[in-house]
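Let's have the full structure, built from the sequences with the hints guiding it.
Residue numbers for the sequence shown follow this note's numbering, beginning at 34 and rising by one.
Each statement offered as a hint is correct.
Using 30 Å as the maximum straight-line C-alpha spacing, the simulated BS3-like pairs for lysine-lysine come out as follows:
1. Lys62 to Lys34
2. Lys62 to Lys84
3. Lys103 to Lys227
These are calculated hints, taken from the structure and not from any lab test. Keep in mind the model is a prediction, meaning the values are calculated, not measured.
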Amino acid sequence: KFVPITWDEALDVVADKIIELRTAGEPEKLLYLRGRYSNTSTELLYGTLPKVFGTGNYFSHSALCAEAEKMGPGITQGFAGYRDYDLEKVNCLVLWGTDPLASNRQVPNTIHRFHEIVARGTVIAVDPRLSNAAAKAHEWLPVLPGTDGALAGAIAHVLLTEGLWNREFVGDFKDGKNLFVAGNTVDEAAFTEKETYGLVKWWNTEFKDRTP
Numbered sequence: 034k035f036v037p038i039t040w041d042e043a044l045d046v047v048a049d050k051i052i053e054l055r056t057a058g059e060p061e062k063l064l065y066l067r068g069r070y071s072n073t074s075t076e077l078l079y080g081t082l083p084k085v086f087g088t089g090n091y092f093s094h095s096a097l098c099a100e101a102e103k104m105g106p107g108i109t110q111g112f113a114g115y116r117d118y119d120l121e122k123v124n125c126l127v128l129w130g131t132d133p134l135a136s137n138r139q140v141p142n143t144i145h146r147f148h149e150i151v152a153r154g155t156v157i158a159v160d161p162r163l164s165n166a167a168a169k170a171h172e173w174l175p176v177l178p179g180t181d182g183a184l185a186g187a188i189a190h191v192l193l194t195e196g197l198w199n200r201e202f203v204g205d206f207k208d209g210k211n212l213f214v215a216g217n218t219v220d221e222a223a224f225t226e227k228e229t230y231g232l233v234k235w236w237n238t239e240f241k242d243r244t245p
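In structure tokens form, the structure reads like this:
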């Protein structure tokens with residue numbers, strides 16, 4: 034049960050716990066998480082404390098926000114920058130672990146367009162939390178934390194086994210016959226891939242057994 038304590042007491046608790054780990058020879062058990070940047074949190078604590086103490090477990094706000102957002106399109110599309118989406122033309126909006134009504138750089142555009150998408154199309158939210166967007170979505174999938182990867186694998190399995198993938202973008206089997214059959218390995222040479230990369234390899238190592 035949480036009880037009010039003074040700042041001095043709080044600092045003593047933190048210091049005692051840190052010293053306890055150092056004394057036990059377990060510095061790696063210290064985890065430091067940083068929020069938004071400041072000179073104190075960036076240079077003194079985040080930049081120095083974990084290294085001096087001997088733990089590699091320190092994570093920044095940017096790892097979960099801006100830099101992570103830029104890294105995805107940077108690796109897959111060659112554009113390492115911030116993106117916005119053409120919500121004016123969207124008819125099916127899937128919000129996977131995100132609430133663009135509350136956070137991220139798309140907030141103004143999403144707030145402006147969200148009610149239009151709800152009225153004309155379908156909004157699906159995949160999120161353990163009943164967020165603002167999930168509360169307004171047509172379908173809310175409250176997956177358990179850490180299980181969204183299994184859901185993604187199952188969706189990919191269905192798209193491939195039922196032949197629902199975008200052939201114009203992804204590619205197709207050379208003889209036109211769908212060889213994505215549950216549990217069966219596929220010869221990578223049998224598939225001509227276009228804009229994606231490693232689809233058959235992913236099927237063989239991950240998706241073929243992800244039967245929903």
